[in-house]
Amino acid sequence: MTISISKKQIFIGVGLLFILVLSSLFFLNNQNKVKVENYKASAKEMKINSMAASYICLVILKDYHDTWSSAISHYGNEEAMIKERYNYYKNKGVLDKVEKFMAISKRDMEKMYNAPSDFEKTQHVLDGLYNDMNTCYGLVKNPSGSLNSFCSKIVELLNNVENKNKETNIQIPISSSDIRTKINELTPLIGEIGYSDRFDD
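Numbering-wise (the working numbering), the sequence shown opens with residue 717 and increments by one.
None of these hints come from the bench; they were simulated from the model.
Quantities reported herein were computed from a predicted structural model and do not represent experimental measurements.
Pairs of lysine to any residue residues, derived as SDA-like cross-links and limited to a Cα-Cα distance of at most 20 angstroms, are as follows:
{"hint": "1", "residue 1": "K749", "residue 2": "F835"}
{"hint": "2", "residue 1": "K837", "residue 2": "K882"}
{"hint": "3", "residue 1": "K857", "residue 2": "L873"}
{"hint": "4", "residue 1": "K756", "residue 2": "I820"}
{"hint": "5", "residue 1": "K760", "residue 2": "T897"}
{"hint": "6", "residue 1": "K857", "residue 2": "L902"}
{"hint": "7", "residue 1": "K751", "residue 2": "F835"}
{"hint": "8", "residue 1": "K778", "residue 2": "N864"}
{"hint": "9", "residue 1": "K799", "residue 2": "G809"}
{"hint": "10", "residue 1": "K756", "residue 2": "E883"}
{"hint": "11", "residue 1": "K799", "residue 2": "A787"}
{"hint": "12", "residue 1": "K760", "residue 2": "E883"}
{"hint": "13", "residue 1": "K760", "residue 2": "S891"}
{"hint": "14", "residue 1": "K816", "residue 2": "T903"}
{"hint": "15", "residue 1": "K813", "residue 2": "Y802"}
{"hint": "16", "residue 1": "K751", "residue 2": "I886"}
{"hint": "17", "residue 1": "K827", "residue 2": "V750"}
{"hint": "18", "residue 1": "K806", "residue 2": "A819"}
{"hint": "19", "residue 1": "K837", "residue 2": "P889"}
{"hint": "20", "residue 1": "K816", "residue 2": "K857"}
{"hint": "21", "residue 1": "K778", "residue 2": "I906"}
{"hint": "22", "residue 1": "K813", "residue 2": "S893"}
Produce the entire structure from the sequences given, and follow the hints as far as they go.
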């Protein structure tokens, strides 16, 4: 028995195959776009919360530094005086707010696992920003070293977070007002917080 296939059937078969391939490519392209948009949304939130948490921590650390310096100048007990400043921020709810920002950053970092290939370098820098944020908070809870080394660490961390913010702003842009809005959540707790000059566009 001979099975014959007409040219029309071949044409229809090729056409259907072509449509199937195009549909698959469209689906994959659409899936990739969704992945990129989801990544960018999570990365933006992660950056805003990490920058806000870092800046707040750095303001607290600057307060520690000034308190420490004053204690040395006036022969005070620097450990007790810094502990007093720590308790001030804790009792005002500032540390709870910082931990909230950090928790959001951690949640978004988990969502950013397996970043799109075009964002691999950006992801590496954001990993560093996340680590710097945690280092800042670690120093808030446990300041250590000499006054000079402590001051150097504050400056180093400030430069780190700002440089990482700028470096990732090409693919994951955030504005100074985004950070300012987040930090202003602390205003009801302790009034205006420092570093306002760093949020000017």
